[in-house]
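Line by line, the protein sequences give chains R and V. For the first sequence, our numbering begins at 1 and goes up steadily by one. For the second sequence, our numbering begins at 1 and goes up steadily by one.
These are computed hints drawn from the structure, not numbers from a lab. A portion of the hints provided could be inaccurate.
Said to hold, decoys possible - Computed cross-link-like contacts, DSS-like style, restricted to lysine-lysine with a CA-CA straight-line distance of at most 27 Å:
no., chain 1, residue 1, chain 2, residue 2
1, V, K192, V, K69
2, R, K320, R, K347
3, V, K272, R, K320
4, R, K175, R, K69
5, R, K272, R, K208
6, R, K16, V, K371
7, R, K16, R, K196
8, V, K16, V, K77
9, R, K226, R, K365
10, R, K272, V, K175
11, R, K69, R, K272
12, V, K64, V, K106
13, R, K272, V, K320
14, V, K192, V, K371
15, V, K378, R, K272
16, V, K119, R, K175
17, V, K175, R, K320
18, R, K192, R, K16
19, R, K320, V, K320
20, R, K320, R, K64
21, V, K119, V, K371
22, V, K378, V, K119
23, R, K208, R, K320
24, V, K347, V, K328
25, V, K192, V, K15
26, R, K15, V, K119
27, R, K196, R, K371
This structure is a prediction, so every number in the text was calculated from the model and none was measured.
There are 2 protein chains.
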Amino acid sequence: MADGNTGLQLRSLIKKSGELEISLQNVPTPEPGPDEVVVRVEATPINPSDIGLLIGAADVSTAKASGTKEAPVITAKVPETAMRGMAGRLDESMPVGNEGAGRVIKTGSSDAAKALMGKTVSMIGGAMYAQYRCIRVSECQPLPEGTTAAEGASWFVNPLTALGMTETMRREGHKALVHTAAASNLGQMLNKICQKDGIGLVNIVRSKEQADLLRKIGARHVVDSKSPSFMDDLTNALADTGATIAFDAIGGGRLASQILTAMEAAINRTSKAAYSRYGSNVPKQVYIYGTLDPSPVEINRAFGMAWGVGGWLLFPFLMKIGRADGQKLRERVVSELKTTFASHYTKVVSLQEALDPVNLAVYAKRATGEKFLINPNKAG
Amino acid sequence: MADGNTGLQLRSLIKKSGELEISLQNVPTPEPGPDEVVVRVEATPINPSDIGLLIGAADVSTAKASGTKEAPVITAKVPETAMRGMAGRLDESMPVGNEGAGRVIKTGSSDAAKALMGKTVSMIGGAMYAQYRCIRVSECQPLPEGTTAAEGASWFVNPLTALGMTETMRREGHKALVHTAAASNLGQMLNKICQKDGIGLVNIVRSKEQADLLRKIGARHVVDSKSPSFMDDLTNALADTGATIAFDAIGGGRLASQILTAMEAAINRTSKAAYSRYGSNVPKQVYIYGTLDPSPVEINRAFGMAWGVGGWLLFPFLMKIGRADGQKLRERVVSELKTTFASHYTKVVSLQEALDPVNLAVYAKRATGEKFLINPNKAG
């Protein structure tokens with residue numbers, strides 16, 4: 001509906017019966033409160049973090065299309081063993097889409113809200129896979145003149161995660177960092193930030209192709225965990241950069257432990273400290289922020305006692321640093337959206353096209369270099 | 001030598017050939033600097049942390065006695081596979097003994113040093129298995145009138161570790177804590193502190209006997225990890241206390257992961273927060289401070305993203321909180337040496353008796369309830 005009073009919204013539902021159902025609902029657009037605006041959403045990316053909510057634990061190979069062209073429905077089966085992990089969301093129809101951008105078409109009564117009328121803004125806050133989004137002003141960021149909604153759609157999740165890593169590094173007293181699964185979109189962005197800011201970055205990848213890709217965009221330290229010389233290469237890169245903090249997207253297996261072991265070896269190479277049975281005093285940290293490998297993390301403590309492994313997530317990090325410091329990061333992102341934080345998309349789809357099983361099969365793979373953008377106001 | 005100019009000092013040496021040699025050396029006592037004093041050591045405990053340095057990776061069952069009655073020597077073999085871990089200390093004759101107490105018999109020229117003349121003091125700083133110890137005033141703590149050297153000998157390692165746990169709990173924003181291998185001397189002390197200070201404590205033990213022992217000294221929450229209802233019992237105790245930080249002496253295996261899983265379950269039992277794929281936002285931490293099980297730590301992340309596992313050691317903790325706050329903890333300990341922080345010993349031995357293979361076989365087992373005290377000035 002062009003007036004914005006109602007619009008389509010994508011919903012993901014996992015039923016107690018073990019069936020995933022993705023559909024489009026026609027929902028009324030809420031009237032904006034004083035500090036809210038209504039945005040006509042024109043661009044919203046399908047990030048790996050969105051796919052988690054969109055598909056849940058369903059088996060994509062069982063996906064079936066039904067419904068009509070205007071109101072398509074996808075159903076798929078959730079394996080019984082995976083249902084326990086879904087307990088928190090059963091029989092609840094959930095909107096999807098963390099971030100997006102579009103034009104403000106209606107505002108609340110506050111000056112801050114009114115100031116956004118007609119502007120193109122980036123947004124964060126969920127439920128972006130919809131034609132209209134009523135949202136608080138504080139969750140909008142006006143885009144600079146000449147920046148399109150498509151350019152501003154991926155302004156939050158990847159850019160702030162990458163900046164959150166270098167910020168965490170600084171705030172916790174480290175001077176360089178390690179990143180795994182480093183050829184991802186996020187990893188490439190992190191390389192651009194580190195090159196611009198002069199931060200040492202050790203990229204860990206799992207193939208020669210990924211290593212070549214990163215070297216081509218200027219990465220100085222790239223090590224391949226499949227290489228027989230991995231531990232030596234990693235230790236050399238850690239000694240070169242002085243990196244003592246790592247962000248790991250993989251999670252399962254021994255990689256976190258290997259990184260800590262190599263850090264300790266790199267520290268001991270230059271240390272003049274006396275013998276201690278407890279290892280070096282230099283704090284070494286691995287933050288796990290993803291789950292590419294869901295198997296258990298195996299930590300064989302061959303690196304003294306000054307170590308930590310833990311979970312890291314963007315939103316708790318932002319809560320910790322507070323709004324004022326978070327706002328500086330947001331402003332940096334929108335001012336560098338065409339350079340450091342530029343995103344590239346394989347395909348722009350409508351909401352209906354996002355529910356096409358052929359497209360679903362592609363974006364559900366979460367492959368590096370394959371990224372879809374939804375334009376909910378593109379004709380289906 | 002009664003004048004204190006020279007005295008016996010215990011030394012531990014691991015040779016490149018793979019032989020451990022423990023011996024007594026007659027060494028000159030250094031002249032105290034302005035801020036130093038000389039203490040005639042009268043009591044110094046054999047803690048598990050001392051045994052690590054004293055014996056290293058040697059196989060105690062191969063121990064042989066030689067030398068004379070006045071100057072006994074123990075030798076033992078270090079298994080070849082364990083020699084790599086000894087690389088940092090090879091062919092270096094090392095003094096042993098973290099903490100002790102005795103009488104000040106000589107002082108440097110500063111007022112602070114002179115004020116200690118004739119006093120009985122507790123000490124920290126290594127090389128306590130000796131008849132005389134020249135030491136900085138800042139590493140001495142005068143004992144209250146009526147407290148003996150034997151009562152003040154174990155003033156630092158266990159008491160400050162236990163206080164370091166409750167302090168870390170408070171400083172990191174938790175309100176109750178979990179302790180594993182909880183029937184140890186340290187664990188019993190932690191129970192006394194928590195009872196006195198009104199802190200919720202969940203004790204995890206590995207037998208019914210250990211559980212009974214703790215209940216007898218007033219522990220309210222004791223769970224047995226060998227019980228079939230362990231995970232339920234643990235979750236109930238965590239829900240009761242609200243404990244979200246644990247100190248684990250075991251290290252290897254799945255215990256840390258089980259604790260985090262039970263913490264998350266206890267949190268979700270009362271939480272009214274909306275569904276999140278990332279689990280609760282409540283930070284959950286396990287600090288590993290011991291290695292009773294040297295196998296890898298296995299972390300199966302069934303508890304969201306707000307978690308951490310890491311090493312914890314007393315001395316880095318004390319460096320972090322600074323001397324002024326550390327001094328408050330020291331003063332609390334010496335004022336409660338006969339109550340909260342009382343230690344009990346199986347046997348008091350001379351330096352020579354500490355080198356008797358029969359005694360070595362007993363204290364090297366690090367058994368709960370078996371603790372030896374050395375009086376280096378007891379006639380051998």
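We went through each hint and held it up to the structure:
1. K192(V) x K69(V): 41 Å, violated
2. K320(R) x K347(R): 36 Å, violated
3. K272(V) x K320(R): Judged against 27 Å, a Cα distance of about 21 Å means the pair holds.
4. K175(R) x K69(R): Answer violated: K175(R) to K69(R) is near 54 Å, above 27 Å.
5. K272(R) x K208(R): Violated, because 36 Å separates the two Cα atoms, which is more than 27 Å.
6. K16(R) x K371(V): 58 Å, violated
7. K16(R) x K196(R): 49 Å, violated
8. K16(V) x K77(V): Holds. K16(V) to K77(V) sits at ~11 Å (cutoff 27 Å).
9. K226(R) x K365(R): 22 Å, holds
10. K272(R) x K175(V): 39 Å, violated
11. K69(R) x K272(R): This hinted pair is violated, its Cα atoms lying about 70 Å apart.
12. K64(V) x K106(V): 38 Å, violated
13. K272(R) x K320(V): 21 Å, holds
14. K192(V) x K371(V): Holds: K192(V) and K371(V) sit about 19 Å apart, inside 27 Å.
15. K378(V) x K272(R): 38 Å, violated
16. K119(V) x K175(R): 47 Å, violated
17. K175(V) x K320(R): Distance ~19 Å between K175(V) and K320(R) Cα, so the pair holds.
18. K192(R) x K16(R): Given pair K192(R), K16(R) is violated - Cα atoms ~45 Å apart, limit 27 Å.
19. K320(R) x K320(V): 21 Å, holds
20. K320(R) x K64(R): 43 Å, violated
21. K119(V) x K371(V): Roughly 26 Å separates the two Cα atoms, so the pair holds.
22. K378(V) x K119(V): 19 Å, holds
23. K208(R) x K320(R): 38 Å, violated
24. K347(V) x K328(V): 31 Å, violated
25. K192(V) x K15(V): Distance ~42 Å between K192(V) and K15(V) Cα, so the pair is violated.
26. K15(R) x K119(V): 76 Å, violated
27. K196(R) x K371(R): 24 Å, holds
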